[in-house]
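For the protein sequence lines, the chains are B and L, in the order given.
Sequential numbering from 1 applies to the first sequence in our numbering.
Sequential numbering from 1 applies to the second sequence in our numbering.
Hint data in this document are derived by calculation from the structure and do not stem from the laboratory.
Even glycine gets a Cβ: it sits at the ideal position worked out from N, Cα and C.
Check each hint, because a few of them may be wrong.
Unchecked claim - The calculated label-pair distances, taken between Cβ atoms and stated as ranges, are: (1) B:GLY41 / L:LYS20: 51 to 61 angstroms; (2) L:SER5 / B:GLU64: 39 to 49 angstroms; (3) B:TRP83 / L:ARG113: 19 to 29 angstroms; (4) B:SER80 / L:LYS20: 40 to 50 angstroms; (5) B:SER26 / L:GLN60: 12 to 22 angstroms; (6) B:TRP83 / L:GLY61: 15 to 25 angstroms; (7) B:LEU56 / L:LYS14: 46 to 56 angstroms; (8) L:GLN42 / B:GLN45: 36 to 46 angstroms; (9) B:GLN71 / L:LYS14: 47 to 57 angstroms; (10) L:GLN60 / B:ALA29: 43 to 53 angstroms; (11) L:ALA72 / B:SER18: 41 to 51 angstroms; (12) B:GLY41 / L:GLN60: 35 to 45 angstroms; (13) L:GLU63 / B:SER99: 40 to 50 angstroms; (14) L:LYS14 / B:PHE51: 28 to 38 angstroms.
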Amino acid sequence: AQSVTQPDIHITVSEGASLELRCNYSYGATPYLFWYVQSPGQGLQLLLKYFSGDTLVQGIKGFEAEFKRSQSSFNLRKPSVHWSDAAEYFCAVAAGDSSYKLIFGSGTRLLVRP
Amino acid sequence: GAVVSQHPSWVICKSGTSVKIECRSLDFQATTMFWYRQFPKQSLMLMATSNEGSKATYEQGVEKDKFLINHASLTLSTLTVTSAHPEDSSFYICSARDKTGRGAEAFFGQGTRLTVV
């Protein structure tokens, strides 16, 4: 069965520092992978997605993610974090059946130090 | 961009009453909508997949009779929590997939916080 692991429950970085959030997935074929961000009490906003092609994916708000099949990873990165990036980040994989339901990781809470 | 509107944003109800939450795709048609439940500081747990014109598919452990899902049109799905109890208090989020087939992308509503007193 498909699964997603986000090993870091929370991460704290200083404003202006670089960021990397880890995501590992379990899926037999080429996965459909997503990163979403959630602000407190809000729904989810899509940051970026990977279906196929270039393994380095650019998203909104200056985020990027790299798909590494050999490592079953899809880590999210940002070169310089802003205070407004503080939020909960979820990695997800789409199920392989026709429902394409999303299977989410447990999330990583990002805290930004001034 | 694709917009999914969820209503209400928050609701407080008495134990034993029923609550209906609406999920609308505003600028696209959604053949499939999903309902999630999120406990504080936890991830999203899929409750059910809703297909327009057919019965919803519930995930294991989700009570069908308690969480009634209706997807009557290509732009509207509703979740009704029947005979609500305090343990049903949670954050409920819906999402919808674009009918035109933009891969597996789904768009999320802003969520509904349900508090049962």
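* Asked: So which of the earlier hints does this model not fit?
  -> Numbers 1, 2, 6, 8, 10, 12, 13, 14, in rising order.
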